[in-house]
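Chains as they are written, first to last, in our numbering: chain A, 134 to 337; chain B, 18 to 493; chain C, 9 to 246.
Read the hints as simulated data drawn from the structure, not as lab findings. Quantities reported herein were computed from a predicted structural model and do not represent experimental measurements. Fair warning: there could be bad hints in the mix.
[Stated by the list, open to error] Derived lysine-lysine pairs resembling DSBU-like cross-links, with alpha carbons at most 30 Å apart:
1) C:LYS179 / B:LYS50
2) B:LYS439 / B:LYS33
3) C:LYS62 / B:LYS219
4) B:LYS33 / B:LYS50
5) C:LYS179 / B:LYS224
6) C:LYS62 / B:LYS58
7) B:LYS204 / B:LYS58
8) C:LYS179 / C:LYS62
9) B:LYS204 / B:LYS50
10) B:LYS204 / B:LYS219
11) C:LYS179 / B:LYS33
[Claimed, not checked] From chain B, some residues computed to sit far from chain C (all C-beta separations above 10 Å):
12) GLU100
13) ARG123
14) PRO195
[To be verified] Which bits of chain A does chain B cover? Going by a derived footprint, with three or more residues having C-beta under 8 Å, they are:
15) 185-197
16) 307-315
We put the beta carbon where it would ideally sit given N, CA and C, even for glycine.
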Amino acid sequence: MADARSEVLRRVRAALADRPAAPEVPRDYDRTRDLGELPALLAERIEHYRAAVHRVAADGLAEAIAARLAGRGARVVVAPTDLPEPWRVPRVTWRLDEPPLPVADLDACDGVVTGCAVAIAETGTIVLDAGEAQGRRALTLVPDYHLCVVREDQIAGTVPEALARLDPVRPLTFVSGPSATSDIELDRVEGVHGPRALEVLVVG
Amino acid sequence: MGSNPVTWLGTPPFPKAAHAALGDSQLRANLRKATGTIRAKRAEAVAELSDWERLRRAGEAIKDDVLSRLDTYLERLERAVTERGGVVHWARDAAEANDTVLRLTREAGADEVVKVKSMATQEIGLNEALAAGGVHAIETDLAELIVQLGHDRPSHILVPAIHRNRAEIRDIFRRQMPSAPPWLSDKPVALTEAARRHLRRKFLSAKVAISGANFAVADTGSIVVVESEGNGRMCLTLPRTLITVMGLEKIVPTWRDLEVFLQLLPRSSTAERMNPYTSVWTGVTPGDGPQRFHLVLLDNGRTNALADPVGRQALRCIRCSACLNVCPVYERTGGQAYGSVYPGPIGAILAPQLVGDMHDAQAASLPYASSLCGACYEVCPVRINIPEVLVHLRAQATAAKGSRGPEALGMAAAGWVFADPKRYEAAQRAGSLARFLARDGWITRLPFPGSRWTASRDVPAPPAESFRMWWRRTRG
Amino acid sequence: MALFATCLTDTFYPDTARAVVRLLERLGCTVDFPLGQTCCGQMHFNTGYREQAKPLAQRYAGVFAGYHAVVVPSGSCAGMVREFHPGLVGASPATTMTYELTEFLVDVLGVTDVGAYFPHRVTYHPTCHSLRMLGVGDRPLTLLRAVRGLDLVELPFAETCCGFGGTFAVKNAETSTAMLADKMRCVLDTGAEVVTAGDNSCLMHIGGGLSRVRAGVRPVHLAEILASTEEEPWAAIR
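Work out the full structure: start from the sequences and follow the hints.
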């Protein structure tokens, strides 16, 4: 008997004995759209998921981070190793992910602060790619509160525009609001296993 | 019936299975509420994109392209995953896939696994196979958890516990969840919190996770899982070993193609602009997430569907469940009547093809579980012409039944009558005698099989003179 | 032009076919009814007896060859002819020239006011095949709105199937009945005295259910409403 691989491939080829033509993919859908001012739209769309969004000027960022963390009562906060120095505001115990924090430690922290790779205005999405100021995936998953900083130049309008900016071989996480479920009567409830609170600071 | 690996053992043909569901007023109310809610929301989410129809056509074409060169894309995907540190396994059928997952789990030294909601692993009965091998599988999606704890069967692709309302879910949790307090309320927020507490320790300690895949990018080997609760992220990030079981057809050729599906899928399934979480990973990333990654490519009847030039379009399905939510049959019978993990219109065309045997009475009954109203085709994000495939599969079902059954003989007789206008008119004259059975223009009782109609509906009395008779008399 | 009455209307609802003739003649058409016509083969085709539908499709193409238009008072049969006959026996002039009644009135004749008079409270059920297969859109409603005396009431959940579905109504009789029950509830909620549609098959289903519960609402084909005038009210309504 042939091995599974050759047998499955043989079946596929036999099934395609009628040589169906590969269609031309029509790409006439919108790559970009006039969405107005992107930071405003991003904020509106994220808020729609019941996450808090604050727009801040670049020179007010540190103050805003401090205010958000204080507002949440977050005292022990996870930081990716390369979180910009000014973001590590005082009166907070920062737990740097160096050496990598055990999961139990992450679970014991009050929250995490990161940047992002890209944001999608139209869908209210933040994309993390484990790059600059983001750290590995577990950091933004286990703590119950995620404060994410988005620079205006990181905001793409549409999904196609955002995907074009991303490298798919990096581990990617698309985040659209706090964790949620519609599993009870198809009614949406926020807050399940992922961070139950998401706050976004749009800088620019 | 039910001896195949796709449909549930012992499920009766659809009309009989539907009988019980139709009489369950709680089920009917739950389904009415849930499908009604999601229909309106979906319509709104879709109306927001002015290029929706163009996205549908692109989605259709991308999937058709994949199917037309599936062997090439599978080999490409295998190469890309392997280059990035993953291990690819192939499985001809459910048993082979289950054996592979069990062996890999044992090799990882685990007797417990956490699972992300996955249709493919439901289809192959992985949990039962793992249990037989001494491995306990924990479903972590809320609806899957409800089904698992309730020792129940799924009834919806996206929300397997859609047939349960909040009060029923509370009762299941109280009975089956040790951490659930006896005063647990039936508020969705409270139920969700209970599930979070129940699963949290499992997530943080699991060695092995098992997932499905929504998409796999052939070019890069990237796997995509689309979810809402974060249970997926937990499983895909924290355990050391990740095993993904994926149907052969889940491929998209390039990363760019996801720009289409990441718009089509969330709006069609949960009616959101974007689902809360989408995870993309490629092989193994040192220092981040699972350090062992296995991908199991599953056939289990898919090549059988692929071999049918009309039926193969069912393999375009991205499991959004929009067709279930708009289906008037599904809304009334619920999903369990379809007898497999794939209910509703898509199940009615997919399950029989995966079974691949129209002599199976249950499978052969599924293509008839539709009034052919076409609402499913209208909402399908990849434009699967479900009514077309239903009718196509009905032809296979009648061929399997042969030409000597009562229905086939009746159809042959009708064909013979319609073949000749004289015979047809003679039949009209004979049939019009039935008017003497009527009272006030309606007949209330007919012999079998007409009794199936008159059990709930009257029949108009045929007139003494048909239109053609009148035409010949007055105009001929 | 020719009338394809459909086997159901020819046999059970001659009034509908007569109404089509009267309506079209009133609008200046010369209508023929070729007696070689029987059935479009939809029942066979949709139930899985594709081979037996072929000679019927062949017959249709032969009987209606040479007419510049064929009018069908049924969305479902017109859909069968236009969408599926070509796949069974190849395209023919007869299939491409086949129109559902409201398509013919609005698109070919270019009329939306046919001069009808029908002083009743009416609700309209858009049948699935006319709606989704043919895409007749709001043509029937446009025609109905122009009918004098007619009080048109919107049907809630109008686009949901009534549960007929051809042999579905007997093969899955209970599910079909459950769908019918909801449709009847919607019809009754409108307070209409007449429920109309472009397909006698669906009307037979809805009407059969309404009759069984003695609901006092009449099923009337759209053609019969459009044929009715102040001078000559349609006989079936009296």
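Query raised in the report: Is the nearest Cβ of chain C still more than 10 Å from the Cβ of GLU100 of chain B?
Result: 45 Å, holds
**Report entry** 30 Å Cα cutoff - pair LYS204 of chain B, LYS219 of chain B
**Finding:** Judged against 30 Å, a Cα distance of about 24 Å means the pair holds.
**Report entry** 30 Å limit on alpha-carbon distance, applied to hinted pair LYS204 of chain B and LYS58 of chain B
**Finding:** 21 Å, holds
Report task. Could you grab the alpha-carbon distance between LYS33 of chain B and LYS50 of chain B and see if it respects the 30 Å cut-off? Result -> With Cα atoms ~24 Å apart, LYS33 of chain B and LYS50 of chain B stay inside 30 Å; holds.
Query - Pairwise hint evaluation, LYS50 of chain B against LYS179 of chain C, where the allowed Cα distance is 30 Å at most - result: Roughly 27 Å between the alpha carbons, so the hint for LYS179 of chain C and LYS50 of chain B holds.
Report task. Please work out if LYS179 of chain C and LYS62 of chain C have their alpha carbons no farther apart than 30 Å. Result -> Roughly 23 Å separates the two Cα atoms, so the pair holds.
**Report entry** Outcome, coverage of the region 307-315 of chain A by chain B - at least 3 residues whose beta-carbon is closer than 8 Å to one in that chain
**Finding:** holds (count 9)
Report task. Sort out whether LYS50 of chain B lies within 30 Å of LYS204 of chain B, counting only the CA atoms. Result -> Holds. LYS204 of chain B to LYS50 of chain B sits at ~16 Å (cutoff 30 Å).
**Report entry** 30 Å Cα cutoff - pair LYS62 of chain C, LYS219 of chain B
**Finding:** 61 Å, violated
Report task. For the pair supplied as a hint, LYS179 of chain C and LYS224 of chain B, confirm whether the alpha-carbon distance does not exceed 30 Å. Result -> 50 Å, violated
Query raised in the report: Keeping to a limit of 30 Å between CA atoms, is the pair of LYS179 of chain C and LYS33 of chain B held or broken?
Result: Status holds; Cα separation ~10 Å.
Query raised in the report: Taking the minimum C-beta separation from PRO195 of chain B to chain C, is that value above 10 Å?
Result: 40 Å, holds
Hints 2, 3, 5, 6, 15 from the list above are not met by this structure, while the remaining hints are.
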